[in-house]
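Trainee: All chains should be built: construct the whole structure from the sequences, respecting the hints.
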Amino acid sequence: MIVVSVPIGTALAIVLGVARVYGNRAFSLAATCVVGVFRGFPAIVTLLIIFFALPEVGVYFSPYWSAVLGFVLVTGAYQSEYVRGCIQSVSAGQSLAARALGMTRPQEVIYVILPQALRAALPGISNEIIYLVLYSSLASYIGVQEMFGVARTFNSLNFRPIEIFFTAGLVYAAIATVCFVGFRLLERRVRIPGVEAAR
Amino acid sequence: MAETNVVLKVDGLEKSFADNRILSGVSFEIDRGQIKVICGPSGSGKSTLLRCLNLLTEPDKGRVWLEGQEITNANVDVNSVRQRIGFVFQEFNLFNHLTALRNVSLALEKVKKMSKDEANALAMKELARVNLANDAHKYPAELSGGQKQRVAIARALAMNPVIMFYDEPTSALDPHLIGEVLDVMKKLAQEKLTSLVVTHEIGFARSVADEIMFMGEGKILEHGPPSQIIDKPTHEAVRLFFKRINELYRRDED
Chain A
1 MIVVSVPIGT ALAIVLGVAR VYGNRAFSLA ATCVVGVFRG FPAIVTLLII FFALPEVGVY
61 FSPYWSAVLG FVLVTGAYQS EYVRGCIQSV SAGQSLAARA LGMTRPQEVI YVILPQALRA
121 ALPGISNEII YLVLYSSLAS YIGVQEMFGV ARTFNSLNFR PIEIFFTAGL VYAAIATVCF
181 VGFRLLERRV RIPGVEAAR
Chain B
1 MAETNVVLKV DGLEKSFADN RILSGVSFEI DRGQIKVICG PSGSGKSTLL RCLNLLTEPD
61 KGRVWLEGQE ITNANVDVNS VRQRIGFVFQ EFNLFNHLTA LRNVSLALEK VKKMSKDEAN
121 ALAMKELARV NLANDAHKYP AELSGGQKQR VAIARALAMN PVIMFYDEPT SALDPHLIGE
181 VLDVMKKLAQ EKLTSLVVTH EIGFARSVAD EIMFMGEGKI LEHGPPSQII DKPTHEAVRL
241 FFKRINELYR RDED
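For the protein sequence lines, the chains are A and B, in the order given.
Those letters in the first sequence? Residues 1 to 199, by this note's numbering.
Those letters in the second sequence? Residues 1 to 254, by this note's numbering.
Everything labelled a hint here was simulated from the structure, so no lab data went into it.
These figures come from a predicted structure and were not determined experimentally.
Cβ coordinates follow ideal geometry from the N, Cα and C atoms, glycine included.
One or more hints might be untrue.
[As the list claims (entries may be wrong)] Label-pair ranges, simulated between beta-carbon atoms:
{"hint": "1", "chain 1": "B", "residue 1": "VAL76", "chain 2": "A", "residue 2": "GLY124", "range": "34 to 44 Å"}
{"hint": "2", "chain 1": "B", "residue 1": "GLN190", "chain 2": "A", "residue 2": "ILE8", "range": "52 to 62 Å"}
{"hint": "3", "chain 1": "A", "residue 1": "GLY36", "chain 2": "B", "residue 2": "ALA237", "range": "46 to 56 Å"}
Mentor: This is the structure we're talking about:
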């Protein structure tokens, strides 16, 4: 479930970030609203609203897809803040240079700005993705069969909370650790030669 | 579009930012193969002028023609105009995430729609022209200021522009690196590449420029050949400017 939510969520984040920086009034405002809403509501509430309230207006999603939609919106909103900040940190001069060569705005954003902005946003984005892995436990509250939910059910049957939840915690920690290492390797791989923090 | 000898014509250019009148009516012409230099104190509007001419900044009033085509007309395709003007910035503005070669070839592929091989071949040729063939694979952070600026010049040249704009190209360089950039610019000037150069390098202007235009208070105060402007100017502000510069150099020689 997270494997599906993450790429879509990150893609959404890039769209929202770009819209807020480069969009005209309408796009920019719409993006800001979306971000504001989904950062403002707790993730669990967002999930519950999607799952319980949408059917009232005739939109039916299965628990799995409700969770995916909810996570995409929440992580997209949070990640877009990193994207937006990093876009703005790429020097304006490079933007001028790209346009002076005759590049269109989309070309400038795709080939010059985003490659640098996304590399800078990677630490923040990877942080959010790891959060998402851990927050996936919330999906159990709308009926998705996932590890935390199983742990809870198991606990209500056998009542050994310490062992059960500690074990669940360990599994999450193991997954998170794999993610930490994975992202560190990714950062190293996309690092721009010559641009290194002073040691 | 008639084949004309006047590459750039400017008439009555004006630009203000908030309440600041930066350009208050600039007019001049540049013929094919001419090298014109703009000198003047900081704040006189030199950078703004260049940016208005390639439409990076929108002028408030005035008209500009590039090879006979009016580019200040609203219907003009801005991007195709900018392709024909090569712009070299004071802060280089290289694309930091790309090698020198890719910096030069990116626009060739994406804007001029060349194939990857064609673009790389042309990029290598331009880098060789600025004496950087051996550093093509290096990233901007690994290059010295002088090398970075030469990559920037190669990047602009590769687009085969009809005129080059240089906005204080050596002002951000350490003194010992200025020479290598000026040498490249002199070589291009000898090849009769039409150029408009904003610079404080009087020596360069004296030896290379066909004409110097002195800017002050948002206008061209005086223009003429280097020997006139530098040594025997008529306008008071111009005289004062060069007198101070001469004093500065003389003081250094003591």
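Trainee: The structure should be examined with respect to each hint, and the outcome stated for every one.
Mentor: Each hint tested on the structure:
1. B:VAL76 <-> A:GLY124: 34 to 44 Å: holds (41 Å)
2. B:GLN190 <-> A:ILE8: 52 to 62 Å: Taking Cβ atoms as reference, B:GLN190 and A:ILE8 lie about 57 Å apart, which means the hint holds.
3. A:GLY36 <-> B:ALA237: 46 to 56 Å: holds (54 Å)
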